[in-house]
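Q: Using the supplied hints, reconstruct the complex from the two chains, each of which is provided in its own coordinate frame.
Sequence lines, in order, name chains P and E. Under our numbering, the very last position in the first sequence is 61; numbers go up by exactly one each time. Under our numbering, the very last position in the second sequence is 1165; numbers go up by exactly one each time.
I should point out that these hints are in silico values taken from the structure, not numbers from a laboratory. Remember, it's a predicted structure, so these values are computed and weren't measured experimentally. Please note: incorrect hints may appear among the correct ones.
Said to hold, decoys possible - Below, a list of computed lysine to aspartate or glutamate pairs in the EDC-like style, where the Cα atoms sit at most 16 Å apart:
hint: 1; chain 1: E; residue 1: Lys1147; chain 2: E; residue 2: Asp1129
hint: 2; chain 1: P; residue 1: Lys30; chain 2: E; residue 2: Glu1047
hint: 3; chain 1: E; residue 1: Lys1060; chain 2: E; residue 2: Glu1017
hint: 4; chain 1: P; residue 1: Lys30; chain 2: E; residue 2: Asp1046
hint: 5; chain 1: P; residue 1: Lys30; chain 2: E; residue 2: Glu1087
hint: 6; chain 1: E; residue 1: Lys1060; chain 2: E; residue 2: Asp1022
hint: 7; chain 1: E; residue 1: Lys1113; chain 2: E; residue 2: Glu1133
hint: 8; chain 1: E; residue 1: Lys1147; chain 2: P; residue 2: Glu4
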Amino acid sequence: MTFEQQVRTYLHNKAATISIPPRSVQSLLKGVRLNDALGDLRSLGSDVEPPAPKERRRWWW
Amino acid sequence: MEGILTYPGPDGVASFEDFYRDKREHVARSLVMTLGNRELGLEATDEAFTRAYQNWDKVKTYDNPTGWVYRVGLNWARTRLRRSKREIPSIYLETAVEHFVEVEPGLDAAMAKLPEKHRAVVVLRYYMDWSLEEIATALRVPKGTVKSRLHRAIANLQHEIGAVT
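Bound-form chain E, shown alone (with noise of 0.2 Å):
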């Protein structure tokens, strides 16, 4: 996956249609796999990426407009989840474990116990590929939070398997 920082690219200001099309998916499965629960992530998606198109003229000159629209996207889940007091469903444990050849058996109730700001940068660090800056960047902290985050969640995720495989 290229890297967040060279959109939109040497090659010109790209258009908000062009950068629709190549980023909605992305940032669709990050904020769902983020939030854990599908209907939220794509919500939050169509939100950010509206106001992505409303503020194009300003948003089209950050380093980086995909961590800006994925930030957009997570900020307004959090207000909606604030708001509205029902569990929701997650996307986690739903999909059996023989799905998933090569990597440990639990990992996916592993990560519905992982608190969403450490979800989140797992997400951005191993499914998008985004460096710590970058992350830093997108999420609009520190990156030696980033990376504290990044460290714990590792080791939860290690200690949730250890204690239920």
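Okay, chain P solo, but in the shape it has when bound (with noise of 0.2 Å):
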């Protein structure tokens, strides 16, 4: 076997150890219209303040 056809061997026996999970084009594509979303929503809310942070609790008290 020559260098080369070794390292095809190789590269074959590696790929074969890593697992792959399965991911539908549907979870794909539902993680691209949460995506446009999200960006649909900060452009609307883009003249509008964010809230006001929560007072933090003093626990020492």
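A: Here's what the structure looks like:
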């Protein structure tokens, strides 16, 4: 076996050890739609003041 | 593995869903092996296919949509790595060498030491079985650059194996 053939065999063996979790196209596109929706919300709310942060609890009281 | 330049093939334009189903695992494994990290490679794959979906009308007309997705994923991961100062765990050296029969036992460690650009051409040439032209198109570099990177990568692997065995 030539060295290049060994590299090829090694890479195919290595690839077989890498588990790829299944992900449907629907699941991928759901992420796209969520991102688009978040982008829309951000653009709608660009002139809206962010909510005031909650007063920090003072545990030492 | 089919040549990438034949995609989507003479039968007509493939849907994004077909493309995703056909190519996701190969692209994901290529990116994981190039980047040397599973989580980063998987994230890069999702990111790249998302962009392919968003630009599918254009991407489907390319000679090499799989190469486009690979390059987009690789560039996304590079940007991510530049921003993060953290060292990422490597997939290399994790697997016991006895799993790889008939190959040099030091290859895993030698791959870990290759620069990422060299690992990319090795993975695309010997795992994806792409020609030098296809790799050049995918990485947007001249064919001569691919040839010299591949030559140096193989020489480095051989050198490392000589050093570690």
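Q: Looking back at the hints listed earlier, which ones does the structure fail to meet?
A: Hints 5, 7 are the ones this structure does not satisfy, whereas the remaining hints hold.
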